[in-house]
Amino acid sequence: MSVKVESHEKFENIYWAVFKDTGERKLATKNLAPGHTVYGERLIKYEGEEYRLWDPYRSKLAAAILKGIKVIPIRTGDRILYLGAATGSTSSHCSDIVGSNGMVFCVEFSPRVLRELVGVAEHRRNMIPLLEDARFPWKYRMLVPQVDVIYQDVAQPEQAKILADNAEFFLKPNGWALLAIKARSVDVTAEPSEVYKKEIETLEKRNFEIKDVVHLEPFDKAHAFLVMQYKP
Amino acid sequence: MKKIHLVETILGIMAVDDQGNVIEKELFEKNSEEVAEKIYKLQQGEIIPELQQIAQKVKNVEEIVVEDESLAKALREMYQAKITVEKPSPIAQQIRAQIPDLAQKYNYAKSLQEYIQLTHQIATYLTRRKIRTAAEKRDQLIAQAIETIDDIDKTLNLFASRIREWYGLHFPELNKLIDEHRTYIRLVKELGLRKNYTRENLQKTGFPPERVKELEESAKTSMGANIAEEDIEPLQKFASITLKLYQLRKELEEYIDESMKETAPNIRGLVGSLLGARLISLAGSLEELARMPASTIQVLGAEKALFRALRTGARPPKHGVLFQYPAIHGSPRWQRGKIARAVAGKLAIAARIDAFSGEYMADELKAELEKRIEEIKKKYPKPPKRKKPEKVKKIKIRKKKKEKRKKKGK
Ligand SMILES: C[S@@+](CC[C@H](N)C(=O)[O-])C[C@H]1O[C@@H](n2cnc3c(N)ncnc32)[C@H](O)[C@@H]1O
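First to last, the protein sequences are chains V and G.
With the numbering used here applied, the first sequence covers 22 to 253.
With the numbering used here applied, the second sequence covers 7 to 416.
Pulled out of the complex, with its shape left as it was, chain V reads as follows (with noise of 0.2 Å):
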């Protein structure tokens, strides 16, 4: 079967791998270790590079971007402050992003699937494995130095709380930050609930600039997915 890949149009170290009997599209990053795969997704040679494709049913951001995101703040050499990283499906795509001047800090606080992530990490120095609560930052404030971003998406009340936390502690000014946020119920048609309003005002009293938000249905039905500037 043949592939090409193209650079996204907008976005920097992303990718499209076009297959050019279906036509289809589909998300990629370059693999920044090649031959590994992370949650089973499939690999890709291009003009000598591997890519791997990036699932938008495993991963909000890349469920985010097919939704049509306006921003995605993360560059190369970036580091990166992600809570909630889990098995480290979509923190592996943000490593791919940054590249090897990057780094990508992954905070989990369960060691079951930490586990995971250690494997992972040991093919991938910029990813920086961190059994942590996110609750409560200054505990990993001696690993963490300042980050251009902070992605989170952590399964927990009061997630504006614990993101606004962590950007008082680790955050640049006119930094960004993306949150994953559970805005409905499954029923996609109903109006975002109370909480999501309120959880809004709180990231804005705390100095974060909405920039956009998507829904990620089809891909995901209960969380819309925020794009934020830093204005301490």
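Heads up, a few of these hints could be off.
[Unchecked claim] No farther apart than 20 Å at their CA atoms in a straight line, the calculated lysine to any residue pairs in the SDA-like style are these:
id, chain 1, residue 1, chain 2, residue 2
1, V, 160, G, 130
2, V, 252, G, 103
3, V, 160, G, 25
4, V, 193, G, 25
5, V, 160, G, 76
6, V, 218, V, 186
7, G, 136, V, 131
8, V, 242, V, 78
9, V, 160, G, 126
10, V, 160, G, 54
11, G, 143, V, 130
12, V, 182, G, 93
13, G, 136, V, 182
14, V, 226, V, 214
15, V, 160, G, 34
16, V, 193, G, 78
17, G, 93, V, 253
18, G, 136, V, 140
19, G, 63, G, 93
20, G, 267, V, 131
21, V, 160, G, 267
22, G, 267, V, 130
23, G, 267, V, 253
24, V, 226, G, 78
25, G, 93, V, 189
26, G, 256, G, 246
27, V, 160, G, 50
28, G, 47, V, 130
29, G, 143, G, 43
30, V, 182, G, 94
31, G, 93, V, 228
32, V, 193, G, 96
33, G, 143, V, 132
34, G, 383, G, 347
35, V, 160, G, 80
36, G, 93, V, 137
37, V, 160, G, 81
38, G, 36, V, 195
Don't read these hints as lab results, they were simulated from the structure.
Dock chain G with the ligand against the given chain V, drawing on the hints supplied.
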């Protein structure tokens, strides 16, 4: 009047003035494992030597600012200065913005790449250590859960006998018809009096047609006493609670399986989570199991027989709780000891990996074990000729771990 901010970083500890100038620093030695250990201690709110040294270096300080209460508490016990907590401290923020540059400025790392690599190594050590600690503690919970299952089993047997005896006054024939306790108890709870053993009701409880007929028939012709509705009710309540106990047992099994996935994935992969949990509980902890030689693991749970053998010179036991492993109890008697030895050998390896490093290798271990069992089966297809019991060698035995643990807890 001097105020300093203590900033703990991956490079070491810095004392910073109000303008953000580093006035003193104590850099860590460049050994990732040691740095990880120091950061671990700091996270627990412990005072490490670097912190003491730096506090001695800066003289005439009236106020020290830190970012963590537990650390502030520890410092308050040692210093006269006022200790305050700022979460976060803007001065520390300034330092955090410069860490990758400071690493190079202080010759801690020669390049950005080296800084990244050091951070990666330190964080990985720290994380592995924490994952291990999490697993260590979890093993005690697993031991409690499996012992609870044993308690529940005893209770269930007791309750089942009681229910059979009690219900037997009314419907004695049912005792022989239904062997399985749980099914019997369900009938008591759902149907109660004999008159409710109608075809319709019985079909609802899911019996096949032949059984339905048999049960209906014997209820009709039963020689048991007639009792009143109000006399069956307390028994039905008892039956209902007993069934809940079965449900609890099942949930505990699932809980143990989940926990074993995290704590002892290799033991679980090799012998299953319940048997694995029993071994951990008998050994006292995962770590103690990991320190045992295979020969001890082989007879765990057979301590009584082992003592008897030592006292009387009878043959020592060939297996303890490992007997539950299917390839042992499912094999002919004369093969069991050899298979038990092979299983124990692999278990010792699995326990060590689970306790000390954590990578998953169970599938490999299992394949090797199965191969070994095949060989044993081929090599010893027939029972050996009987010979006189050989003299038993003296075996060193350690005190039963479980008892020791229980005593300590008292
Ligand atoms: C939906 S999953 C994240 C999936 C991941 N972002 C990805 O796309 O690959 C949420 C994760 O957040 C973790 N989590 C929940 N609360 C947390 C907390 N307070 N601190 C750190 N991690 C947390 C959970 O253990 C879980 O693994």
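Structure-based check of each hint:
no.	hint	verdict
1	160/V to 130/G	16 Å, holds
2	252/V to 103/G	16 Å, holds
3	160/V to 25/G	24 Å, violated
4	193/V to 25/G	18 Å, holds
5	160/V to 76/G	10 Å, holds
6	218/V to 186/V	19 Å, holds
7	136/G to 131/V	11 Å, holds
8	242/V to 78/V	10 Å, holds
9	160/V to 126/G	17 Å, holds
10	160/V to 54/G	16 Å, holds
11	143/G to 130/V	15 Å, holds
12	182/V to 93/G	14 Å, holds
13	136/G to 182/V	26 Å, violated
14	226/V to 214/V	19 Å, holds
15	160/V to 34/G	19 Å, holds
16	193/V to 78/G	26 Å, violated
17	93/G to 253/V	15 Å, holds
18	136/G to 140/V	15 Å, holds
19	63/G to 93/G	25 Å, violated
20	267/G to 131/V	13 Å, holds
21	160/V to 267/G	27 Å, violated
22	267/G to 130/V	16 Å, holds
23	267/G to 253/V	44 Å, violated
24	226/V to 78/G	30 Å, violated
25	93/G to 189/V	9 Å, holds
26	256/G to 246/G	16 Å, holds
27	160/V to 50/G	9 Å, holds
28	47/G to 130/V	18 Å, holds
29	143/G to 43/G	19 Å, holds
30	182/V to 94/G	14 Å, holds
31	93/G to 228/V	17 Å, holds
32	193/V to 96/G	12 Å, holds
33	143/G to 132/V	12 Å, holds
34	383/G to 347/G	14 Å, holds
35	160/V to 80/G	16 Å, holds
36	93/G to 137/V	31 Å, violated
37	160/V to 81/G	17 Å, holds
38	36/G to 195/V	34 Å, violated
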